[in-house]
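Per my numbering: the sequence shown = residues 4 to 164.
It is worth saying that the hints were derived from the structure and are not from the lab.
Some hints could be false.
Derived DSSO-like pairs: lysine-lysine, alpha-carbon spacing no greater than 30 Å straight-line [to be verified]: (1) 163 with 149; (2) 82 with 99; (3) 84 with 99; (4) 56 with 163; (5) 33 with 149; (6) 21 with 97; (7) 21 with 99; (8) 125 with 99; (9) 57 with 105; (10) 33 with 8; (11) 84 with 21; (12) 149 with 21; (13) 68 with 99; (14) 21 with 163; (15) 56 with 125; (16) 68 with 105.
Between beta-carbon pairs, the in silico distance windows are [said to hold, decoys possible]: (17) 5 with 118: 37 to 45 Å; (18) 56 with 107: 20 to 28 Å; (19) 157 with 88: 24 to 32 Å.
A quick note: this is a predicted structure, and the numbers were derived from the prediction, not measured.
A virtual CB, placed ideally from N, CA and C, is assigned to each residue, including glycine.
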Amino acid sequence: MKVLKFGGTSVGSAQRMKDVAKLITDGEQKIVVLSAMSGTTNTLVEISDYLYKKNPEGANEVINKLEALVGEKKKRADKYKQHIDELFSTEEYKQKTLEFVKSVFDYIRSFTKDIFTLFEEKVILAQGEIISTNMVTNYLCEQGVKAVLIPALEFMRTDKN
4 MKVLKFGGTS
14 VGSAQRMKDV
24 AKLITDGEQK
34 IVVLSAMSGT
44 TNTLVEISDY
54 LYKKNPEGAN
64 EVINKLEALV
74 GEKKKRADKY
84 KQHIDELFST
94 EEYKQKTLEF
104 VKSVFDYIRS
114 FTKDIFTLFE
124 EKVILAQGEI
134 ISTNMVTNYL
144 CEQGVKAVLI
154 PALEFMRTDK
164 N
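Kindly produce the complete structure, drawing on both the sequences and the hints.
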């Protein structure tokens, strides 16, 4: 079985996600690994840094910016809503994906209220990939492609080695 990995630029816009979908839907079964949308991981690292410094207000400010930024820092809109509107053609999948993305940002915000360790940092850093993978999986399903999302956090385990 083939395993294909696509980086952040490859899933950095709705059109690029559609291009990835074309590449992976050749009729053969495969495992596809997606990075977070370009720029997302660096921002999640910044959020984690604020939380390590016990600055939840700073973390929430950066979370809000991540949720709202489009390309340039001066241009404001809902980044993920814009991509979702461009990616999906049905209201059902637009709504389903918007609700999922909102739940991820709510989950990230939940870390501003509790103790923060290396474990929580790893969970936060995984959220970018979780969002992009969910978006592409939902897009494939909307297109009638049989696709299954298998979150790595549910089956991969690491230890100190």
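Here is how each hint holds up against the structure:
no.	hint	result
1	163 with 149	violated, 37 Å
2	82 with 99	holds, 16 Å
3	84 with 99	holds, 12 Å
4	56 with 163	holds, 24 Å
5	33 with 149	holds, 11 Å
6	21 with 97	holds, 15 Å
7	21 with 99	holds, 18 Å
8	125 with 99	holds, 26 Å
9	57 with 105	holds, 24 Å
10	33 with 8	holds, 11 Å
11	84 with 21	holds, 16 Å
12	149 with 21	holds, 15 Å
13	68 with 99	holds, 22 Å
14	21 with 163	violated, 38 Å
15	56 with 125	holds, 16 Å
16	68 with 105	holds, 14 Å
17	5 with 118: 37 to 45 Å	holds, 41 Å
18	56 with 107: 20 to 28 Å	holds, 23 Å
19	157 with 88: 24 to 32 Å	holds, 29 Å
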